[in-house]
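Trainee: Given the coordinates of chain A, work out where chain B should sit on it, guided by the hints.
Protein chains in written order, with our numbering: chain A, 1 to 339; chain B, 340 to 681.
No wet-lab data here; the hints were simulated from the structure. Keep in mind it's a predicted model, so treat the numbers as computed, not measured. Mixed in with the good hints there might be a few duds.
BS3-like mimics (lysine-lysine), calculated; alpha carbons at most 30 Å apart, straight line [as the list claims (entries may be wrong)]:
hint, chain 1, residue 1, chain 2, residue 2
1, A, K26, A, K335
2, A, K173, B, K430
3, A, K173, B, K658
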Amino acid sequence: MSASSATPASISEEQRGIDYAGLIGKFAPVIFLLLVVTFFSFFESGFRTTTNFLNIIRAVSFFGILAVGMTFVILTAGIDLSVGSALAFCGIVCASAAKGSRALLSGKDEGGIHVLYAFLAAIGVGLLIGLIHGVFIAYLNVPAFIVTLGGLGAWRGATLLWSNGQPISSFSKDFTHWGKQDIGQVPIPVIVFLGMGLIAHIVLKYTRYGRWVYALGGNAEAARLSGLNTRQITSSVYVISGFCAGVSGFLLTSRLNSAEQVAGQSYELQAIASVVIGGTSLFGGSGGVLGTLVGAVLIGVLNNGLVQMNVSAYYQPIVIGVIIVLSVYVDQVVKSRRR
Amino acid sequence: MSKSISEVTQRRATRRTVIKTAAVAGLAVPFMPRMAGAQAKYKLAFSVPGLNFPFFVHMMDLAKKHVEEKYPDVEFISLDGQENGAPSSTKQSNDIDAIIAQKVNALVISPNDVAALAPAVQAAVDAGMIVVTVDRNVTDVNTLAHVGADNVEGGRLQGRYLIEILPDGGDIIELQGQPGAAPAIDRHKGLDEILSAQDKIKVVVSQTAEFARAKAVSVLEAALASNPDPKAVVCANDDMAFGAIEALSDAGKSGVPILGFDALPEALQDIQAGTQAATVEQFPGGQSTQAIDIALAKLIDGKDPAQHDTYLTPILITKDNLADAERAVEAGVATPVASPTS
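With the rest of the complex left out, here is chain B:
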């Protein structure tokens, strides 16, 4: 009943062939689009912390569209910093090293972490690449420019809106973002700045739900068990706000105002329907197109930007000004403005 030696060797050989073929195929796949576009005059790489977040997907899509429409000479390289479904500073850094080796001309990056990405970004700058940071910054690297949203101001907008809708004050619950992530830290800072300057509204629970919808449901459920009557729930992003909507409606408290951040199309629809009170628009599309324009102006025309840092002021979106949101048309809450040439 024992297997012959040649049978065993043959099975091992088959297994090795399968594994080797799979490995080669797997390595080749990411390079195929790049090999196709090898004739472009310039190469621009766009790197985000993780395309598992719809926010970054939208940013990447708009960036790609912008380059394809306005800069036909430029090849667009998309870099996704996620590893096993979570944003990874290591993966993002490794991708930058890879494009330095590929002699890419320009890099527009939203770094996952202000300090962890600094060495890789510095290496890109030292290699002569034109680097512009977008949405999030890196510390102590002499990049060409930074285009960002002021997340602290966004947090302040949420705080001021709370004061506006809760004139008699009350207890509220705060759901924070990913611990250690710059947007989470900044938004909390702005909110805290406004709320600690007054004493009618009290944040009785401030927990992290890591920017994730499912986590927001379970964290808010637990928080409601010991604080059953919040006057409002403020979330550091829309995904958590969606989770909050579900948790509150399951607990029979649908009327409680919920604040989000990011102005995702689903949030705009919820605001129109009345299940969400407000969100903050920070113009990710506007940021990425401006960042690309600055980078390519320097690369193609040799023009320097007017100033190093450009901050787009975020605005609060409520039911009254849905049309001001960047993705209002996509969400179906506003009609497209007729173009002049039609």
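Isolated chain A (complex conformation):
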């Protein structure tokens, strides 16, 4: 109405109605998830039950927790390829702490306070791993891809070294309680996963630190020139990722009643996929944790639904790969239409 002559026509166009394309773009991951859930629910009665949904989210939570930490990393335009191996190493150290020694089949898990020590050991190792990566990436300026690629191999090797290639199994009920039991009807890992997701969301959207993370990812040089301590922020996101690996390592060991050498294998790829499907850009600066939660659940739903429909194991990775690419493609196409 009283727009100045310099106002471009496109703005008044958008002000006229609801930006449908923009909405679809923003909620593309959720829409995709709903489509897939509806599809499976229609074909498989076993899919539609509450127990099954809770099972799906519990199966997802082990790499989902990693994905929450990965969101922070990817928001700064970094990457953490080591989270699966870090999970395994945290798991094996935590298992030893629970058993009171590096004993394998022998050694008793006394339960009680040892479980707390085990949990703290897992967290501690995770934080340490994150710190090591953070220092190399932020202070020694080695690219994140390389550092965490090295970590991928090194922490897996450390896991093998720690227990001589053997798994550590058989824990007390106090220990396995955390991975296996429910609070109310909801499995504990699900509560931890969604809880951590919620806290991460609040931190990213409503705290100064969160804004710093977005600023760093959006334009690292501008962030530095604005006075942000970019090195500290960069290393902090890897510490967060390491922390998540520790939590997930403890929960997975508890769930499986065993700390294995192959634990967490390829979880880093599933974590990254969850983050990207959820709409966070690999180039940093945009996205969020809520999208990651949706992305992770989508992967879990696909895994579960395809098994229930007894789809041949040879087709499953193809189907999952195609759907992942499609969902991100749709997201990109719709986003690029909003100028």
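Mentor: This is chain B only, laid out in the frame that chain A set:
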């Protein structure tokens, strides 16, 4: 506020030094044990698909022990075919090329893939190395010998046991191994052979859990949602059976019989405790010691093996014959037999 040029150059130099030192250190580490044992008369290399599987760890440990105890002149070189935590045919092939260059005398190998490893193994044979395959075979290479377990027969044992414990039949769930891996293919083949010859027992779900415990939990959970009442769960290895135990007990179905394969110590303990029904023993230790004996007999004494292929017959292990398992003593389910000299 801009950094001086010399400061930047200095930081770059520090970074380069750190990276170079780390690279050199990293390259040197695998060679250190070999440099220490340079005086041995013969060198034998033992290669497995991946030491991230306890099964291969056990095989490697026994092989090493056997060589150290019985053949003091022979230096034992351990080759791990895993790359980033998964068995890799490429890594295994590259390791073989490396030992050909090092002029190692004998190679005992469990190849990750029947065809992919063939070129590297053929190259070793052509270079004059004595090659014996163990546990898994390679196609179309004239190795000295093969010592293996008949995985197809192992699958048949599982099938026959199912028929024995389920006289009235019923629906069962099968968890297969790594797609494309020879043991997974063979075990499934043997099981399928026995089960398709009868019609009381039906395999309602046959999915892969890739020999992994965690995957078995999530795959079985999903399968139970649409097939809540299986009469048995048969797994192509013990690791998946352990996952199945967890998934079934979480679903409140602890009584369902679970079959595994490999006779790992944890499985033997589970069978004794009653949480697992049976497993198959294929004598990996026996295989590797026999393979080493054949290779070294040819290398040191020039003796050829009696026949090219030696197959150890697998046996089914249940609660009644736990002591027959190779690792029964290690698992604590059997007491060691007193040695004659004690």
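Trainee: Does each hint hold? Answer for all of them.
Mentor: Structure-based check of all given hints:
no.	hint	verdict
1	A:K26 with A:K335	8 Å, holds
2	A:K173 with B:K430	41 Å, violated
3	A:K173 with B:K658	25 Å, holds
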